[in-house]
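**Q** The primary structure of each chain is shown beneath.
2 protein chains.
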Amino acid sequence: MVGKVTVLRIGHRYVRDYRVTMHTALVARAFGAHKMLLASYDDTIIKGIEEVNARWGGYFKVTCIGDRWLEYIKGFKSSGSLIVHLTMYGLHIDDTIDDIRRRFSSSDIMVVIGAEKVPRVVYDISDYNVAIGNQPHSEIAALALFLDRLFEGKELKIDFRGRLRIIPTARGKRVIEMSDEYERQDT
Amino acid sequence: MVGKVTVLRIGHRYVRDYRVTMHTALVARAFGAHKMLLASYDDTIIKGIEEVNARWGGYFKVTCIGDRWLEYIKGFKSSGSLIVHLTMYGLHIDDTIDDIRRRFSSSDIMVVIGAEKVPRVVYDISDYNVAIGNQPHSEIAALALFLDRLFEGKELKIDFRGRLRIIPTARGKRVIEMSDEYERQDT
Numbered sequence: 001m002v003g004k005v006t007v008l009r010i011g012h013r014y015v016r017d018y019r020v021t022m023h024t025a026l027v028a029r030a031f032g033a034h035k036m037l038l039a040s041y042d043d044t045i046i047k048g049i050e051e052v053n054a055r056w057g058g059y060f061k062v063t064c065i066g067d068r069w070l071e072y073i074k075g076f077k078s079s080g081s082l083i084v085h086l087t088m089y090g091l092h093i094d095d096t097i098d099d100i101r102r103r104f105s106s107s108d109i110m111v112v113i114g115a116e117k118v119p120r121v122v123y124d125i126s127d128y129n130v131a132i133g134n135q136p137h138s139e140i141a142a143l144a145l146f147l148d149r150l151f152e153g154k155e156l157k158i159d160f161r162g163r164l165r166i167i168p169t170a171r172g173k174r175v176i177e178m179s180d181e182y183e184r185q186d187t
Numbered sequence: 001m002v003g004k005v006t007v008l009r010i011g012h013r014y015v016r017d018y019r020v021t022m023h024t025a026l027v028a029r030a031f032g033a034h035k036m037l038l039a040s041y042d043d044t045i046i047k048g049i050e051e052v053n054a055r056w057g058g059y060f061k062v063t064c065i066g067d068r069w070l071e072y073i074k075g076f077k078s079s080g081s082l083i084v085h086l087t088m089y090g091l092h093i094d095d096t097i098d099d100i101r102r103r104f105s106s107s108d109i110m111v112v113i114g115a116e117k118v119p120r121v122v123y124d125i126s127d128y129n130v131a132i133g134n135q136p137h138s139e140i141a142a143l144a145l146f147l148d149r150l151f152e153g154k155e156l157k158i159d160f161r162g163r164l165r166i167i168p169t170a171r172g173k174r175v176i177e178m179s180d181e182y183e184r185q186d187t
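Protein chains in written order, with our numbering: chain Z, 1 to 187; chain E, 1 to 187.
Worth flagging that the hints you see were computed from the coordinates, not collected in a lab. Where a beta carbon is used, it is the ideal one built from N, C-alpha and C, also for glycine. Do not rely on the hints blindly, as some may be mistaken.
As the list claims (entries may be wrong) - From chain Z, some residues computed to sit far from chain E (all C-beta separations above 12 Å): (1) LYS35; (2) ASP67; (3) LYS74; (4) GLY75; (5) PHE76; (6) PHE104; (7) ASP124; (8) ASP148; (9) GLU177.
Stated by the list, open to error - Estimated spans, in silico, between C-beta atoms of each pair: (10) Z/LYS4 / E/ALA115: 44 to 54 Å; (11) E/LYS117 / Z/VAL121: 37 to 47 Å; (12) E/ALA170 / Z/THR63: 24 to 34 Å.
What the hints assert, rightly or not - Far from chain E, some chain Z residues (derived; all Cβ distances over 12 Å): (13) LYS47; (14) LEU70; (15) MET178.
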C-alpha cells in the first residue's frame, strides 16, 4: 500500500512554456502520479490531458491554481503529505530515495518542480530537496527519474485500460482499439 | 569497458522546438551521452550547450546535420553501432535492456529520438525499437530513462570537473567555483 503523488508545477509561463509543461503533465500521468497542480491558468494543458485520457485511459487530472501555490504546499504539508522539491542543488536521489520511499508507505507526496528560478521559500518548506544528479538538465527528466525510483520501475507497467492500447512490437506500430463490448466484458 | 552513446534528434523545428530540444541536449549531456546530432540547423542549441560546458564541465557536443539524418544512421550502423530508436510502439525497455547492455560492452550506440511523426524507415533500420512504457509521454523523459537503465544509475554520479560545482545540500544552494590554480593541481 502506497500513497498518492501530486505534482505541483510552478513557473509556467502561458504560451511560451506550453510544450515543456505538456511534457511534464504527460510524464506525471504516464509515471503514476495522481494529478498535477499548475500554478498558472492554462486551459490548453487541461484539454490536452483530457484528450490523452480519452484515448489512452486513466484518470489523471490537471488543475490550474494560479498564483496560490504556496497556500497549496502549506495545505498539503499540514494534511500530512511529504513535500519533495526536485532541484539540482539538493541532496542526491541515491542518498534520499530509500527514506522517501519508506515514508511513502504511509504518506502522500507532493512533488514540486519549478522552471528556471524557484523562490527560496520552496527550499525551506520542503521536507526533501532532491537532486537527480547535480548537473543542469530538465525538470521533465527529473520528474521521470524521481517517479521511476519511487515506484521502482513498476510505473512503466501500469494498465491504463484505455480505448487505445499498444501491442509492443519489434518493428512498426500495432495499436488495438477496444470496443464498448470488449470493455463491458473486461470490466 | 563500454561504448559511446550518440543521440540523434530528428523532427526539430526551428524556434518552436528550441526549449524541448535544449532539454533533450541537456539530458543527453547530463546522463552520459557523448554527443548529439541535430537533424536541423539551429546554432542556438549549440551555443546553449557550449555555455553549459564552460560552466559545468565536460565535452558534450551538439552537431547540426540538417536533413542528412538517414545517411548518418546508415553510417553509424555500418561502422558497427547499435541503432536504438525510442518509441512508445516498441518493445518494453524491461524486455530489451539486458540484451542492449550486453552488446554495449563491445559496440557504440546511436539513440534515435523523434518528435511527433517518425518516418517508417527509422523503425525498419533500427536494431531495437524500445518503448519506455507504452503510454504517450515525452522524448526527454524517454531518453533519460533509457540512459539511466543503460548506465545502471551510475550516470548520475559522473564527475564533469566543471568550473562550477554543486555541494549537495538539504536546504538552499551551495555552489563552489574552482580557481585555475585548483584546476591545475587537480588535473
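**Q** Does Z/LYS35 clear chain E by more than 12 Å, comparing its Cβ with all Cβ atoms of that chain?
**A** At roughly 16 Å from the nearest Cβ of chain E, Z/LYS35 sits farther out than 12 Å, so the non-interface label holds.
**Q** Find the nearest Cβ of chain E to the Cβ of Z/ASP67 and say whether that gap is larger than 12 Å.
**A** Nearest chain E Cβ is 22 Å from Z/ASP67, so the label holds.
**Q** Determine whether the non-interface label on Z/MET178 survives the test: each CB of chain E must be over 12 Å from its CB.
**A** Holds: least Cβ distance 14 Å, greater than 12 Å.
**Q** Should the label of Z/PHE104 as a non-interface residue stand, given a Cβ cut-off of 12 Å to chain E?
**A** Non-interface label on Z/PHE104 holds, nearest chain E Cβ at 19 Å vs cutoff 12 Å.
**Q** Beyond 12 Å on every Cβ pair: is that true for Z/ASP148 relative to chain E?
**A** 6 Å, violated
**Q** Is it the case that Z/GLY75 keeps its Cβ farther than 12 Å from each residue Cβ in chain E?
**A** Since the minimum Cβ distance to chain E is about 21 Å, Z/GLY75 lies beyond 12 Å and the statement holds.
**Q** So is Z/LYS74 really clear of chain E, every C-beta pair being over 12 Å apart?
**A** 17 Å, holds
**Q** Do E/LYS117 and Z/VAL121 keep their Cβ atoms within the hinted range of 37 to 47 Å?
**A** 42 Å, holds
**Q** If we take the beta carbon of Z/PHE76, is the closest beta carbon in chain E still more than 12 Å away?
**A** Fine: 19 Å to the nearest Cβ keeps Z/PHE76 off the interface.
**Q** Over 12 Å from every CB of chain E: does Z/GLU177 meet that, or does the non-interface label fail?
**A** 15 Å, holds
**Q** So is Z/LYS47 really clear of chain E, every C-beta pair being over 12 Å apart?
**A** 15 Å, holds
**Q** Would the least Cβ to Cβ distance between Z/ASP124 and chain E come out above 12 Å?
**A** At roughly 6 Å from the nearest Cβ of chain E, Z/ASP124 sits no farther out than 12 Å, so the non-interface label is violated.
Hint violations for this structure: numbers 7, 8 and 10, all remaining hints satisfied.
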